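S.K.: Dock chain B against the given chain A, drawing on the hints supplied.
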Amino acid sequence: GENVEQHPSTLSVQEGDSAVIKCTYSDSASNYFPWYKQELGKRPQLIIDIRSNVGEKKDQRIAVTLNKTAKHFSLHITETQPEDSAVYFCAASIGSGGSNYKLTFGKGTLLTVNP
Amino acid sequence: GAVVSQHPSWVICKSGTSVKIECRSLDFQATTMFWYRQFPKQSLMLMATSNEGSKATYEQGVEKDKFLINHASLTLSTLTVTSAHPEDSSFYICSASAQVGFFGPGTRLTVL
Chain A
1 GENVEQHPST
11 LSVQEGDSAV
21 IKCTYSDSAS
31 NYFPWYKQEL
41 GKRPQLIIDI
51 RSNVGEKKDQ
61 RIAVTLNKTA
71 KHFSLHITET
81 QPEDSAVYFC
91 AASIGSGGSN
101 YKLTFGKGTL
111 LTVNP
Chain B
1 GAVVSQHPSW
11 VICKSGTSVK
21 IECRSLDFQA
31 TTMFWYRQFP
41 KQSLMLMATS
51 NEGSKATYEQ
61 GVEKDKFLIN
71 HASLTLSTLT
81 VTSAHPEDSS
91 FYICSASAQV
101 GFFGPGTRLT
111 VL
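From first to last, the protein sequence lines are chains A and B.
Per the numbering used here: the first sequence = residues 1 to 115.
Per the numbering used here: the second sequence = residues 1 to 112.
No lab work stands behind these hints: they were computed from the structure.
These numbers were taken from a predicted model, which means no experiment stands behind them.
What you were told as hints is all true, and nothing was included just to trick you.
Computed list of lysine-lysine pairs in DSS-like fashion (alpha-carbon distance at most 30 angstroms, straight line):
1. Lys66(B) <-> Lys41(B)
2. Lys107(A) <-> Lys20(B)
3. Lys58(A) <-> Lys71(A)
4. Lys64(B) <-> Lys42(A)
5. Lys41(B) <-> Lys107(A)
6. Lys64(B) <-> Lys107(A)
7. Lys41(B) <-> Lys37(A)
8. Lys58(A) <-> Lys22(A)
9. Lys14(B) <-> Lys42(A)
10. Lys58(A) <-> Lys41(B)
11. Lys107(A) <-> Lys66(B)
12. Lys41(B) <-> Lys64(B)
13. Lys58(A) <-> Lys42(A)
14. Lys37(A) <-> Lys58(A)
15. Lys66(B) <-> Lys42(A)
16. Lys71(A) <-> Lys41(B)
DEER-style ranges, computed between Cβ atoms:
17. Lys58(A) <-> His7(B): 35 to 43 angstroms
18. Ser18(B) <-> Glu39(A): 27 to 35 angstroms
19. Leu40(A) <-> His85(B): 24 to 32 angstroms
20. Lys41(B) <-> Asp17(A): 19 to 27 angstroms
21. Ala29(A) <-> Leu112(B): 41 to 49 angstroms
22. Glu59(B) <-> Glu39(A): 22 to 30 angstroms
23. Glu79(A) <-> Ser9(B): 30 to 38 angstroms
24. Ser15(B) <-> Gln60(A): 44 to 52 angstroms
25. His85(B) <-> Pro8(A): 29 to 37 angstroms
26. Asn114(A) <-> Lys20(B): 42 to 50 angstroms
27. His85(B) <-> Gly16(A): 44 to 52 angstroms
28. Leu26(B) <-> Arg51(A): 24 to 32 angstroms
The beta carbon of each residue, even a glycine, is placed where N, CA and C say it ideally should be.
Next up, chain A with everything else stripped away, as it sits in the complex (with noise of 0.2 angstroms):
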């Protein structure tokens, strides 16, 4: 089955400055993305996500870059502020219909912005 990495498990950086955090998929069937914001004691938000038939995506401050050949996908967020705080979750999904959407989860980056 699918095999998903993530790194770092934190992350700590001064606001302002830009946040990269890393996954790694192992399945090259896997076509779909998504990246999540989770805060304490709420469920996962999807706050961006990327198919396998484009490299790059951006949404204001975030952005997710997709390297297929590599395997690995990246969530860029520039202009830090605090309330980014939280833990990030990247999955990965064989995105085809019905049951092929179920996702697997890196194991989370606990972001810290610092004031």
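M.R.: Frame of chain A, contents of chain B only:
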């Protein structure tokens, strides 16, 4: 937008009792739903895939006789934790394949 709801949002029960958790799609049909579990300070792990009108598919290591899944309609899947024990205390979250990437609000189960 499409919404997945869960009920209850939290539950506390005694060891040995059974607890039912509902996952409901509010404005769309969900032929496939997924049940995940998240232990404190850990990641989400897929427990099973719930298919409307057929048996659920369980991930390796998940006891199907302990975690009963019923998907009797296109808008409702239920997860019943039977004979719950303290080690079953966790955050249970569902999602629907029709709205890939989005989760229900989760159910926090505490077994005393």
